[in-house]
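**Q** Produce the entire structure from the sequences given, and follow the hints as far as they go.
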Amino acid sequence: GENVEQHPSTLSVQEGDSAVIKCTYSDSASNYFPWYKQELGKRPQLIIDIRSNVGEKKDQRIAVTLNKTAKHFSLHITETQPEDSAVYFCAASYGGSQGNLIFGKGTKLSVKP
Amino acid sequence: EAGVVQSPRYKIIEKKQPVAFWCNPISGHNTLYWYLQNLGQGPELLIRYENEEAVDDSQLPKDRFSAERLKGVDSTLKIQPAELGDSAVYLCASSLRPSTEAFFGQGTRLTVV
Numbered sequence: 102g103e104n105v106e107q108h109p110s111t112l113s114v115q116e117g118d119s120a121v122i123k124c125t126y127s128d129s130a131s132n133y134f135p136w137y138k139q140e141l142g143k144r145p146q147l148i149i150d151i152r153s154n155v156g157e158k159k160d161q162r163i164a165v166t167l168n169k170t171a172k173h174f175s176l177h178i179t180e181t182q183p184e185d186s187a188v189y190f191c192a193a194s195y196g197g198s199q200g201n202l203i204f205g206k207g208t209k210l211s212v213k214p
Numbered sequence: 083e084a085g086v087v088q089s090p091r092y093k094i095i096e097k098k099q100p101v102a103f104w105c106n107p108i109s110g111h112n113t114l115y116w117y118l119q120n121l122g123q124g125p126e127l128l129i130r131y132e133n134e135e136a137v138d139d140s141q142l143p144k145d146r147f148s149a150e151r152l153k154g155v156d157s158t159l160k161i162q163p164a165e166l167g168d169s170a171v172y173l174c175a176s177s178l179r180p181s182t183e184a185f186f187g188q189g190t191r192l193t194v195v
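Chains as they are written, first to last, in the working numbering: chain A, 102 to 214; chain B, 83 to 195.
Just so you know, these hints were derived from the structure itself, not from any lab. We put the beta carbon where it would ideally sit given N, CA and C, even for glycine. It is possible that part of the hints are untrue.
Claimed, not checked - Ranges of calculated distance between the beta carbons of each label pair, as one might list FRET restraints:
#, chain 1, residue 1, chain 2, residue 2, range
1, A, Gly156, B, Glu96, 44 to 54 angstroms
2, B, Lys153, A, Ser119, 33 to 43 angstroms
3, A, Thr170, B, Lys93, 37 to 47 angstroms
4, B, Leu121, A, Glu184, 15 to 25 angstroms
5, A, Gly102, B, Glu183, 16 to 26 angstroms
6, A, Ser119, B, Thr193, 32 to 42 angstroms
7, B, Val137, A, Lys172, 20 to 30 angstroms
8, A, Glu116, B, Ile94, 37 to 47 angstroms
**A** So this is what it looks like as structure tokens:
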């Protein structure tokens, strides 16, 4: 069945450093890859997404890259700040109309001041 | 614009009792999802609606879970009877259409004792 593997499960960086989170997916038909940020006790919120016809997308300090051949995609956060501390989830679409999302298990990012 | 609204926020019930969760999606969003999130895990899809039609309920434990989305707007998710293992956060999300940004509600934290 569909599967998304996410690594690492925890990541600790110093403020100002970069953070990279990697995901692999199993369904070659997946065409939509969103990333969500979830702060403690709050709802997941979309931070960036990418579609299969694009290799890279950037939004200020956040970027996502997609390698369809290898079926993996990554989230890059530059110049990290303490407010970036949260759990980050990657997801991949599957199913009819590619309308379902399967999520990774999450990465807990800690940015130390 | 109001986001996705869920109620109740918290629910504590004894095992074998029934429980229901309610979701009001963002106005105009045709796609509605119910997810289950266990502590430290990513959201897991239970059911997806396109308007009033359940287009994917393959992950819904149908022996005890049921859902409906009358008139293609609000939705309810019911568990009867609840089991200890059902303790989790139940998240509702909506999007304009498949493979577009899904907006999550605050979730209902269910504790079965």
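**Q** Each hint should be assessed against the structure and marked as holding or not.
**A** Evaluated hints:
no.	hint	in the structure
1	A:Gly156 with B:Glu96: 44 to 54 angstroms	holds (53 angstroms)
2	B:Lys153 with A:Ser119: 33 to 43 angstroms	violated (48 angstroms)
3	A:Thr170 with B:Lys93: 37 to 47 angstroms	holds (46 angstroms)
4	B:Leu121 with A:Glu184: 15 to 25 angstroms	holds (23 angstroms)
5	A:Gly102 with B:Glu183: 16 to 26 angstroms	holds (25 angstroms)
6	A:Ser119 with B:Thr193: 32 to 42 angstroms	holds (39 angstroms)
7	B:Val137 with A:Lys172: 20 to 30 angstroms	holds (25 angstroms)
8	A:Glu116 with B:Ile94: 37 to 47 angstroms	holds (39 angstroms)
Hint violations for this structure: number 2 only, all remaining hints satisfied.
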